[in-house]
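Number of protein chains: 2
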Amino acid sequence: MLNSETAPGVGDIPPETFRAAAHRAADLLADYLEGVGRYAVLPPVRPGEVSARLPAAAPEAPEPMETILEDYRTLIEPNVTHWNHPGFMAYFGITGSGPGVLGEALAAGLNVNAMLWRTGPAPTELEERVCDWLRQLLGLPEAFKGHINDTASIATFLALAAARERSVPNVRARGLAGRPELGLPTVYCSDQAHSSVDKAMIALGLGLEQLRRIPSDERFRMDTSALRAAIEQDRRAKRNPIALVATLGTTSTTSLDPAAELAEVAAREKLWLHVDAAYAGSAAICPEFRAGFAGWERADSIVTNPHKWLFTPVDCSVLFVRDPAALKRAFALVPEYLRTPEAGVTNLMDYGIQLGRRFRALKLWFVLRAFGAEGCRARIRAHCALAQAFASWVAAEPDFEVCAPVPFSTVCFRAVPDVSAREQDAFNEKLLEQVNATGEVFLSHTKLRGRYVLRMAIGNLRTTEGHVRRAWDALRNADCGMRNAE
Amino acid sequence: MLNSETAPGVGDIPPETFRAAAHRAADLLADYLEGVGRYAVLPPVRPGEVSARLPAAAPEAPEPMETILEDYRTLIEPNVTHWNHPGFMAYFGITGSGPGVLGEALAAGLNVNAMLWRTGPAPTELEERVCDWLRQLLGLPEAFKGHINDTASIATFLALAAARERSVPNVRARGLAGRPELGLPTVYCSDQAHSSVDKAMIALGLGLEQLRRIPSDERFRMDTSALRAAIEQDRRAKRNPIALVATLGTTSTTSLDPAAELAEVAAREKLWLHVDAAYAGSAAICPEFRAGFAGWERADSIVTNPHKWLFTPVDCSVLFVRDPAALKRAFALVPEYLRTPEAGVTNLMDYGIQLGRRFRALKLWFVLRAFGAEGCRARIRAHCALAQAFASWVAAEPDFEVCAPVPFSTVCFRAVPDVSAREQDAFNEKLLEQVNATGEVFLSHTKLRGRYVLRMAIGNLRTTEGHVRRAWDALRNADCGMRNAE
Numbered sequence: 067m068l069n070s071e072t073a074p075g076v077g078d079i080p081p082e083t084f085r086a087a088a089h090r091a092a093d094l095l096a097d098y099l100e101g102v103g104r105y106a107v108l109p110p111v112r113p114g115e116v117s118a119r120l121p122a123a124a125p126e127a128p129e130p131m132e133t134i135l136e137d138y139r140t141l142i143e144p145n146v147t148h149w150n151h152p153g154f155m156a157y158f159g160i161t162g163s164g165p166g167v168l169g170e171a172l173a174a175g176l177n178v179n180a181m182l183w184r185t186g187p188a189p190t191e192l193e194e195r196v197c198d199w200l201r202q203l204l205g206l207p208e209a210f211k212g213h214i215n216d217t218a219s220i221a222t223f224l225a226l227a228a229a230r231e232r233s234v235p236n237v238r239a240r241g242l243a244g245r246p247e248l249g250l251p252t253v254y255c256s257d258q259a260h261s262s263v264d265k266a267m268i269a270l271g272l273g274l275e276q277l278r279r280i281p282s283d284e285r286f287r288m289d290t291s292a293l294r295a296a297i298e299q300d301r302r303a304k305r306n307p308i309a310l311v312a313t314l315g316t317t318s319t320t321s322l323d324p325a326a327e328l329a330e331v332a333a334r335e336k337l338w339l340h341v342d343a344a345y346a347g348s349a350a351i352c353p354e355f356r357a358g359f360a361g362w363e364r365a366d367s368i369v370t371n372p373h374k375w376l377f378t379p380v381d382c383s384v385l386f387v388r389d390p391a392a393l394k395r396a397f398a399l400v401p402e403y404l405r406t407p408e409a410g411v412t413n414l415m416d417y418g419i420q421l422g423r424r425f426r427a428l429k430l431w432f433v434l435r436a437f438g439a440e441g442c443r444a445r446i447r448a449h450c451a452l453a454q455a456f457a458s459w460v461a462a463e464p465d466f467e468v469c470a471p472v473p474f475s476t477v478c479f480r481a482v483p484d485v486s487a488r489e490q491d492a493f494n495e496k497l498l499e500q501v502n503a504t505g506e507v508f509l510s511h512t513k514l515r516g517r518y519v520l521r522m523a524i525g526n527l528r529t530t531e532g533h534v535r536r537a538w539d540a541l542r543n544a545d546c547g548m549r550n551a552e
Numbered sequence: 067m068l069n070s071e072t073a074p075g076v077g078d079i080p081p082e083t084f085r086a087a088a089h090r091a092a093d094l095l096a097d098y099l100e101g102v103g104r105y106a107v108l109p110p111v112r113p114g115e116v117s118a119r120l121p122a123a124a125p126e127a128p129e130p131m132e133t134i135l136e137d138y139r140t141l142i143e144p145n146v147t148h149w150n151h152p153g154f155m156a157y158f159g160i161t162g163s164g165p166g167v168l169g170e171a172l173a174a175g176l177n178v179n180a181m182l183w184r185t186g187p188a189p190t191e192l193e194e195r196v197c198d199w200l201r202q203l204l205g206l207p208e209a210f211k212g213h214i215n216d217t218a219s220i221a222t223f224l225a226l227a228a229a230r231e232r233s234v235p236n237v238r239a240r241g242l243a244g245r246p247e248l249g250l251p252t253v254y255c256s257d258q259a260h261s262s263v264d265k266a267m268i269a270l271g272l273g274l275e276q277l278r279r280i281p282s283d284e285r286f287r288m289d290t291s292a293l294r295a296a297i298e299q300d301r302r303a304k305r306n307p308i309a310l311v312a313t314l315g316t317t318s319t320t321s322l323d324p325a326a327e328l329a330e331v332a333a334r335e336k337l338w339l340h341v342d343a344a345y346a347g348s349a350a351i352c353p354e355f356r357a358g359f360a361g362w363e364r365a366d367s368i369v370t371n372p373h374k375w376l377f378t379p380v381d382c383s384v385l386f387v388r389d390p391a392a393l394k395r396a397f398a399l400v401p402e403y404l405r406t407p408e409a410g411v412t413n414l415m416d417y418g419i420q421l422g423r424r425f426r427a428l429k430l431w432f433v434l435r436a437f438g439a440e441g442c443r444a445r446i447r448a449h450c451a452l453a454q455a456f457a458s459w460v461a462a463e464p465d466f467e468v469c470a471p472v473p474f475s476t477v478c479f480r481a482v483p484d485v486s487a488r489e490q491d492a493f494n495e496k497l498l499e500q501v502n503a504t505g506e507v508f509l510s511h512t513k514l515r516g517r518y519v520l521r522m523a524i525g526n527l528r529t530t531e532g533h534v535r536r537a538w539d540a541l542r543n544a545d546c547g548m549r550n551a552e
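So the sequence lines, in the order shown, correspond to chains C and E.
All letters in the first sequence, in the order written, are residues 67 to 552 by our numbering.
All letters in the second sequence, in the order written, are residues 67 to 552 by our numbering.
Source of the hints: derived by calculation from the structure; they are not laboratory data.
It cannot be assumed that every hint is accurate.
The list cannot tell twin chains apart, which means a pair is met if one copy fits it or any two copies do.
[Said to hold, decoys possible] When the alpha-carbon atoms are kept at most 20 Å apart in a straight line, the in silico SDA-like pairs for lysine to any residue are as follows:
no.	residue 1	residue 2
1	304	245
2	304	244
3	304	246
4	496	538
5	496	115
6	211	281
7	336	301
8	496	539
9	394	85
10	513	545
11	513	399
Only chain C is shown next, with the shape it has when bound in the complex (with noise of 0.2 Å):
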């Protein structure tokens, strides 16, 4: 009964099974992605409707893979948000391209953990190779390293750990707590940047009274004077300025700070620069749009998200360091069961507090190999040009505004009917419910300066003018009982 070979009920399924079925899975995901644009993109499921259809417990019995493919197909694939509709224009939208789901298909089989290079060394490699690949297409320096990790937030959170490493002295062994010597580590941000901001100030025990949001000029980014300012006044406080988040590409409006002159400051006052481009990072492999970017090649690091705007499926988000050795002084450890003899070897669990790695890199790399630099690049201006276009339509209706800059393929818009500043915001709340019951398209809002505001973010891969379009016309043609037009 020990031999697996011979004990029917122990090892893996039968090796025909699994390949009938993932034959059968090739092509559940092959007409998934051709037909996703024939679902709602916000499948009409109410709260609890998929819980109540699954059993309370797991079966007792195998069941075959068929049925399990079958369940998929009728009850998962039909009740989730279909991230790869066309019409998805929520958030950011993002692509799980073709080239990059079969990557992570291959990535799954293989079920490496490249923690050291000993124990993944293709996907060591590749992931510093596949990183640098694009650390070239963006056009930063070679100084820069990149390592994937899952998230933008864990990255901003890594990054503003290595801060704290660097101006808080012996902080890994000692910490923050009982140290009235201790300047208050402060951070800077603006009030734009993302809640990971946020997060990673409670994570690593700075605190939210710790984070700084400067005022955002007219055109959202940060004003560097008011943080001037601020940093000024933190220094007379006692305080210790630690780091900078200058956000390229923020959440709301996808504006940009002034990096260069963000820089200068970070320079000047020895604060560790942290860039968030997790969405709009992308932008800069077309050298049309670097301009916006500019000084960004003077930070302490980088984070941009292919599973955003590069078409990868998530996770996939890479964060780029000019000195990894400060990753390491904040995080590595080695027990004695993860030393090995390779000398000079990158040890991916080096740089981070996941131990646990995925191969992300093998996704991300069929991913620019399919597409190439030039479709890449082809695939952004084209979304760009769609969200430019949607921003001319909007600014030539009287009945709507857009509300910020478009500098990408994001545009923040809103209607503005002839009524008070709070039955304006209603009526958007109310024209969003109505666009997104339609099912064709799924917009989400964001407040700035206090108004509701519309979002239709382009970044999927199958969206095309007629998406946009339809989009449009669901908008104008809501019935939201008090169309100034009418």
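Based on the hints, put chain E in the right spot on chain C.
This is chain E only, laid out in the frame that chain C set:
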């Protein structure tokens, strides 16, 4: 040119290209999983060799999927460490089982980010349900709610963050620095606990000096009296004991801390009790192994990794928490753009530091259904039986000794040639190198009480008695220059 339907070079790869490539990938996966045993477990590749075969820059023009998949087959697949190999017995043996691989592939196609219920209804509800299936299989009380993280490192970090939140007033807002009124928040674990506890201490700003590594007894279990004494001493020193990490299945020897005793201490001392059962938790699906876990049902949080010993591809780590609101209090932040109209639903982003969340429940659902509960138990039992068999062979051989009890599927052992202690260590190190160089098996090592010890960790579904026997033959026949039996 705005319409990607009509613009070549924009959009995803053509559907027919994708379908053909997906079927090719299905065969690559099936060939790999069927034939992985033909590879050397550790690939015969030197640092830099893969890198040297990769172009220095991304291609400008698109490359055909066939070329990319062929490069995968010839350059990547042969140069990974084969975690799915039946002779992989290092660290903890794992398996990316066939059903799990297909679940991962389909999840990649959906590319859902289930940060909110709204952005992934079925993924959110399936995650809750499948975690509850696992809870029942493990025999844990209904009070535990599970969610899936990438790694146990993150889970332990979240648990200790929740402990910090509970015991340090207003830590979210104020952080830890500059608060002389705070007693030093202090955490306890055994000297056998995983390095992820150390990393969490660093990350959270608590500092390594605030981690008390309590000595373990001769069976590598935390010594409860020593724990009690340490807490008492710390309280006298005005420290603030906040959490206790019990390990059920330590990394070196898979020893089990006395959970019932530790639960008593935690209750009396009002410590957050976190149980790290990343590896061994899976064994609790077999009632006959439950005795060793007794007391864990009183924990505040428990982490177990289906990606370790429940046949699910990395990453899939389940964190069970008795009071999920504690995690929310520690981390939840809802920026305007993520406010949704659904009331009372679970939004998975609230439970951790990462905003983005992959659809990891699908693969675990596939695994639990394809094998069934009884099939999962049979496989765990088969692995434990193989380990017992190996341990009995080692024990029967005068030149070798078993170095720790074998509660599960991992055996710590070493050769004991008749030489000095230092020479014994060197001998075992050389023995490990030689055996691993055969390509038939990959073992790892640890240090126990300062001595170099080998580890055989069984956890792959393809591992049979034949593989274990070949490993044993390789160990006995290695020529390390000073066999005491010769």
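Do the hints match the structure? See the list:
no., hint, verdict
1, 304 with 245, "both (14 Å within a copy, 15 Å between copies)"
2, 304 with 244, "both (17 Å within a copy, 11 Å between copies)"
3, 304 with 246, "both (12 Å within a copy, 16 Å between copies)"
4, 496 with 538, "within (15 Å within a copy, 70 Å between copies)"
5, 496 with 115, "neither (25 Å within a copy, 59 Å between copies)"
6, 211 with 281, "neither (32 Å within a copy, 40 Å between copies)"
7, 336 with 301, "within (12 Å within a copy, 39 Å between copies)"
8, 496 with 539, "within (16 Å within a copy, 73 Å between copies)"
9, 394 with 85, "neither (42 Å within a copy, 42 Å between copies)"
10, 513 with 545, "neither (22 Å within a copy, 71 Å between copies)"
11, 513 with 399, "between (43 Å within a copy, 16 Å between copies)"
Of the numbered hints listed earlier, those contradicted by the structure are 5, 6, 9 and 10.
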